[in-house]
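Student: If you read the protein sequences in the order shown, they are chains A and B.
By the UniProt record's numbering, the letter at position 376 of the first sequence is numbered 376, and the numbering carries on one by one without gaps.
By the UniProt record's numbering, the letter at position 125 of the second sequence is numbered 125, and the numbering carries on one by one without gaps.
One thing to keep in mind: the hints can contain errors.
Claimed, not checked - Over 10 angstroms on every C-beta distance to chain A, these chain B residues come out as not near it, computed from the model: (1) Glu2; (2) Ala6; (3) Val11; (4) Ala53; (5) Pro55; (6) Val56; (7) Leu57; (8) Ala64.
Stated by the list, open to error - Here chain A is said to cover these stretches of chain B; the calculated rule only asks that three of the stretch's residues, wherever they fall, bring their Cβ under 8 angstroms from a Cβ of chain A: (9) 20-32; (10) 71-78; (11) 89-96.
Hints in this document: simulated from the structure, not taken from any laboratory.
Values in this document were obtained by computation on a predicted structure and should not be read as measured data.
Cβ atoms here follow ideal geometry from the backbone N, Cα and C, with glycine treated the same way.
So the chains spell out like this:
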Amino acid sequence: MSHWIVAPVVLPALLAPIIAFVMRHDITLARAASFAGTIALAAIAVGLMVMAADGTTHVYRMGDWAAPFGIVLVLDRLSALMLLVTSALALVVLLHASASGWDDRGRHFHALFQFQLMGICGAFLTGDAFNLFVFFEVLLIASYGLMIHGGGRVRLQAGLQYVVMNLAGSTLFLFALGTLYASTGTLNIADLAVKVRELPLEDAALVRVAAILLMVVFAIKAALFPVQFWLPATYANAPAPVAALFAIMTKVGAYAIIRIHAVVFGPDVPGLGGLIGDWLMPAAVVTVAIGAVGVLGARRLMPLLSFSVVGSMGTMMIAVAAFTPQATTAALYYLVHSTFSAAALFLLADLVVSRRPGGDLLRAEPPTVQNGLFAALFFAGAIAMAGMPPLSGFLGKLLILDGLRDSAAMTAAWIAILVGSLMTIVGFARAGSILFWKSTALAPAEPEEDTGNPDETEAGDAPPPGPARAGALEVAPTVMALAILAVLAFLAGPMTGFMDKAAHQLFDGSDYVAAVLDPDAEVKQ
Amino acid sequence: MEIVVASSIGVLTAGGVYLILRLRAFAVILGLALLTYAVNIFLFATGRLAVNAPPVLNKYADVAYSDPLPQALVLTAIVISFGMTAVLVMIALGAFLEADHDRIDMTGEDDARDDDDALSAQGENRA
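For reference, chain A alone in the conformation it holds in the complex (with noise of 0.2 angstroms):
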């Protein structure tokens, strides 16, 4: 039993408060222990990642009580690599937020920083139903702070949404854990993995209204379609670098659904059968299309990336759904690939509002400093999002393909992915000509620019009091997550290799519910 299974959890839980109490005053000091704190995350995370990547299931008893009565950490494949990319994104974000002050406009950004760490590595890490409930509620917690960081009606606004809709959310959860409490006496996943199969058929309809309860609570973490509501406006009126960490939040529900699926209520628990993914599928083909249609519609650059996260999450779902290790595999590969493309673009449009008059309007105007730059990496992100060769969406989109062809639902999946990567290329390719194409055309009409440079960098340092320029810092964690998707990308065999084992391991349950409940498990591997 290795104690390093914790750290993830106790490494950010020790320093939130340190930072919150001690470094709450200076920014400097706060920022060098978040960045201490984070990169120690990450570092412990690859450990992790070396730990499970031989396919032992290993198990953190806490306090070393028996599994189904104390509460237990487990570290497979899976949650070793949701770790890993979790810290990734930290690091990536952090940065960020450091180097643009989005961190100084507020208080305790890095404090909630590091819950929120702390809460999304212990639904990563949980192996048990209601201490993953409590995890869900720490980064919930935290993310509402970061959320409303920073301040503004708008923001308030849909910050008040957004903790609404989360907390009817998280009663949801606890009527789907009671409901399961009462009809199998266990919350412990492996052992509701048992239990649920040994369940009489008459107890099955209980089962049925808890497994469906849960995967609704889930759904509205994963914004599936009937719950995704809350999305748009969440996504759009955060602070950018809190919008690029919100895009981890996503896939937690999305995790949580894989695991409590694959571990707990397979197909074959009585009663039950494909009765959960044969509502997913349908609502994820909808999530797309609401996805790509807000895309079109949107008027303003955030909303446009946040509906756009919404089809990829839409799109991730529907492999999801179809339940089988081939793609499930895909749907890590996209999962990965769909968090990082989604921070590079919410990051890279922290850099280009701020420095437009009219802040994420989708309107022309004058361009702004480093138009070419911007219009570049925005062009990368775009292609990445949109799933267009050469980066990683193109590869997840082509492997989502592959492992649904021989699903039922495969024509309405195919046409679903296919249609709303057209329409979402169509919307990119919208936005970025008026914000950067059109703009330049319109350059030379500005009184005061009628210098007749078409140079934007010259352009943009005319007028007095125009925007900074974006350091290499600044622009760095950009880049950066545009640099993993082109390793992904890049790595596209090696990485659908560990996938597809990590998938496999999921979905041969038996190992799972050994390792947890059998007290001698790891000794034999």
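With the hints as your guide, set chain B onto chain A.
Tutor: Relative to the frame of chain A, chain B by itself:
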């Protein structure tokens, strides 16, 4: 007793859902509070209703006991919902002070006004 517990959960939930669907922040907060009360009682009842039974096992005598786990779960849920309600009240207060109204939905008018703001800012820039 079952009928009392069940109907109180039902009434609290119905009231909570009705209040959540109102468009004012205060009503929504009250609704969420009612919902959390309902879910707390519900969680409490998931360990089966046992009257006058201690939540401990007695290995020397075969006596009735009540399930202690839901009680621990309820405690956690109460603490979390209490904290969440406090956060929610603070955010709602902030939103009310910023916007001068406590409507919970964001109307298109907000968006339009922002557009106007942006346009006038742009106009000033051009002037």
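Student: Do three or more residues from the segment 89-96 of chain B put their C-beta atoms closer than 8 angstroms to C-beta atoms of chain A?
Tutor: It holds: at least three residues are needed, and the segment 89-96 of chain B offers 4 whose Cβ sits within less than 8 angstroms of chain A.
Student: Verify this for me: three or more residues of the segment 71-78 of chain B with a beta carbon less than 8 angstroms from a beta carbon of chain A.
Tutor: holds (count 3)
Student: When you look at the beta carbon of Val56 (chain B), is every beta carbon of chain A farther off than 10 angstroms?
Tutor: 14 angstroms, holds
Student: Is the Cβ of Pro55 (chain B) more than 10 angstroms away from each Cβ in chain A?
Tutor: Holds: least Cβ distance 15 angstroms, greater than 10 angstroms.
Student: Find the nearest Cβ of chain A to the Cβ of Glu2 (chain B) and say whether that gap is larger than 10 angstroms.
Tutor: The claim holds: Glu2 (chain B) sits with its nearest Cβ about 13 angstroms from chain A, beyond 10 angstroms.
Student: Does the claim that Val11 (chain B) lies outside the interface with chain A hold up, using a Cβ gap greater than 10 angstroms?
Tutor: At roughly 15 angstroms from the nearest Cβ of chain A, Val11 (chain B) sits farther out than 10 angstroms, so the non-interface label holds.
Student: Leu57 (chain B): least C-beta distance to chain A exceeds 10 angstroms?
Tutor: Given that every Cβ of chain A is farther than 10 angstroms from that of Leu57 (chain B), nearest at about 12 angstroms, it holds.
Student: Say whether it holds or is violated: Ala53 (chain B) keeps its Cβ farther than 10 angstroms from all Cβ of chain A.
Tutor: 16 angstroms, holds
Student: May I ask you to check that Ala6 (chain B) keeps its beta-carbon over 10 angstroms from the closest beta-carbon of chain A?
Tutor: 12 angstroms, holds
Student: Taking 10 angstroms as the cut and beta carbons as the points, is Ala64 (chain B) off the interface with chain A?
Tutor: 17 angstroms, holds
Student: How about the segment 20-32 of chain B: do at least three of its residues have a C-beta closer than 8 angstroms to a C-beta of chain A?
Tutor: Check passed, 4 qualifying residues.
Checked against the numbered hints above, the structure breaks none of them.
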